[in-house]
Structures are given as C-alpha cells and as structure tokens.
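A.B. asks: Below, each chain spelled out in residue letters.
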Amino acid sequence: DIQMTQSPSSVSASVGDRVTITCRASHVIGSRLAWYQQKPGKAPKLLMFAAASLQSGVPLRFSGNVSGTDFTLTISSLQPEDFATYYCQQTYSFPRTFGQGTKVDIK
Amino acid sequence: EVRLLESGGRLVQPGGSLRLSCAASGFMFKTFDMNWVRQAPGKGLEWVSVISAGGGGTDYADSVKGRFSISRDNSNDILYLQMDSLRVDDTATYYCAKGRRPYEYTYHDLDSWGQGTLVSVSS
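Sequence order for the protein chains is A and B. For the first sequence, my numbering gives the first residue as 711, with consecutive numbering after it. For the second sequence, my numbering gives the first residue as 873, with consecutive numbering after it.
Don't take each hint at face value.
What the hints assert, rightly or not - Listed below are several chain B residues computed to face chain A (Cβ distance under 8 Å; list not exhaustive):
{"hint": "1", "residue": "W919"}
{"hint": "2", "residue": "G926"}
{"hint": "3", "residue": "G927"}
{"hint": "4", "residue": "D945"}
{"hint": "5", "residue": "H980"}
{"hint": "6", "residue": "G988"}
To be verified - Straight-line C-alpha distance at most 27 Å; calculated DSSO-like pairs for lysine-lysine:
{"hint": "7", "chain 1": "A", "residue 1": "K813", "chain 2": "B", "residue 2": "K915"}
{"hint": "8", "chain 1": "A", "residue 1": "K813", "chain 2": "B", "residue 2": "K902"}
{"hint": "9", "chain 1": "A", "residue 1": "K813", "chain 2": "A", "residue 2": "K749"}
{"hint": "10", "chain 1": "B", "residue 1": "K915", "chain 2": "A", "residue 2": "K749"}
{"hint": "11", "chain 1": "B", "residue 1": "K937", "chain 2": "B", "residue 2": "K915"}
{"hint": "12", "chain 1": "B", "residue 1": "K915", "chain 2": "A", "residue 2": "K817"}
{"hint": "13", "chain 1": "A", "residue 1": "K752", "chain 2": "B", "residue 2": "K915"}
{"hint": "14", "chain 1": "A", "residue 1": "K755", "chain 2": "A", "residue 2": "K813"}
Calculated directly from the structure, the hints in this document are not laboratory data. Values in this document were obtained by computation on a predicted structure and should not be read as measured data. Here a beta-carbon is modelled for each residue, glycine too, at the ideal position from N, C-alpha and C.
Start from the sequences and build out the full structure, keeping to the hints where you can.
C.D. replies: Encoded structure:
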C-alpha cells in the first residue's frame with residue numbers, strides 16, 4: 711500500500727499569510743494526488759486534482775505542485791474561510807490512502 | 873445539482889450487521905465510479921471501498937476486506953455498503969463520494985460527497 715505522510719499536522723496562521731502544506735508519497739505516483747478541504751461538521755470538498763489542477767469554483771489563491779514524490783498545497787493569502795483541515799489523497803492505486811490531515815487555525 | 877444522501881447509520885452491537893445506502897441524484901449515476909470513505913470521531917479520513925460504474929470492479933481497504941461489501945443499483949441510483957462482523961473500531965461517519973469523471977476507475981478523485989451517516993458500534 712502507498713503511504714502518504716502529511717506535514718505539518720497543524721499550523722497557526724493569520725489572515726493574509728502564505729501557508730504551505732506538504733505530502734510525501736512512499737512510492738512514485740506521478741501526479742496522481744488530490745487535495746481536500748474539510749470544515750468542522752461538514753463533508754470534505756475537492757480543491758485540487760492531478761496534483762496541480764484547480765477544481766472548478768476553487769479560488770486562485772490555492773495552488774498545487776509536485777516534485778518527485780513530494781506534493782505541496784499552497785494558499786497564497788489566507789482568508790477567513792480557509793481555516794479548516796486539509797487532506798491529501800493518492801489517486802494512483804487501490805487501496806486509496808489519505809494523509810493524516812493538516813489543521814489550519816487562527817493565530 | 874449533484875446530491876448524495878446517505879442513510880442507515882445507527883447504534884449496533886459488536887459482531888452485528890448494517891447496510892448503508894446512498895441515494896444519488898443530479899448526475900448520470902450509472903457512468904460514475906462510487907466510493908465509501910469514513911471518519912472516526914475526531915480522526916482523519918479513511919478510504920473504505922470503491923465500485924466501478926457498471927459494478928463489475930470493486931476494491932476494499934485491508935481493514936474491512938472480507939467483512940464489508942459494496943454494491944450498486946444503477947436502475948434506482950443507489951449505492952450500498954453491507955457491513956458485517958462490525959467492530960468497535962468501525963465506529964465512524966460514513967460518506968459516499970462520487971468520482972470526478974465518468975468511467976475513470978483507476979485514477980479518479982472524489983468531487984462530490986454526501987453529508988455522511990453515523991455508525992456507532994458499542995455494547
């Protein structure tokens with residue numbers, strides 16, 4: 711199974727800050743990675759697919775990148791509605807695996 | 873508008889069985905792969921199972937293999953998860969989720985999710 715190691719587990723930031731979250735895959739998965747945002751009590755929401763493609767309706771301040779087996783999600787200027795937990799998921803093979811999650815909260 | 877509505881979650885004793893349902897609307901259900909994902913209270917997301925658009929392909933997390941069975945009714949647009957031999961650590965909110973593109977079994981990501989149904993396993 712492919713393991714996804716996500717870091718940090720939490721980050722405290724202010725509105726306007728740049729925030730970067732990292733996911734490392736245990737095997738080569740190409741660009742087969744998705745990012746999801748989850749707010750308390752709500753279902754996850756797809757933000758990015760294929761590592762760097764923005765899902766329809768997602769603000770342009772979100773971006774994704776890949777270098778080898780390392781993936782990053784960057785929020786260029788944090789907005790109040792971005793405080794949430796973020797998960798990566800490899801979409802290369804089954805069983806699918808998620809990262810442990812990164813909680814972005816208010817500093 | 874895509875809608876996914878899960879039901880069937882409740883309190884059940886260890887060793888018991890439960891069948892979850894997910895009623896789909898707003899898209900051509902029979903052309904999309906479907907998944908179940910769960911989340912234990914206060915924990916992260918755990919992928920559970922997938923079924924291909926036509927129903928011929930399925931896969932499971934190791935933690936549920938041999939105990940859970942995914943199926944679908946493409947005539948009535950319903951996804952199911954049959955859960956047997958339930959354990960305390962199966963306690964979670966169970967979400968059904970839709971693949972983003974039709975007929976993309978191997979590499980699909982999940983673009984629409986239901987609101988979840990809570991399964992509690994306890995004596």
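A.B. asks: Each hint needs a verdict: does it hold in this structure or not?
C.D. replies: Verification of the hints:
no., hint, verdict
1, W919, "holds, 4 Å"
2, G926, "violated, 17 Å"
3, G927, "violated, 16 Å"
4, D945, "violated, 22 Å"
5, H980, "holds, 7 Å"
6, G988, "holds, 6 Å"
7, A:K813 with B:K915, "holds, 12 Å"
8, A:K813 with B:K902, "violated, 36 Å"
9, A:K813 with A:K749, "holds, 10 Å"
10, B:K915 with A:K749, "holds, 13 Å"
11, B:K937 with B:K915, "holds, 21 Å"
12, B:K915 with A:K817, "holds, 22 Å"
13, A:K752 with B:K915, "holds, 14 Å"
14, A:K755 with A:K813, "holds, 15 Å"
Consistency note: the structure conflicts with the earlier hints numbered 2, 3, 4 and 8.
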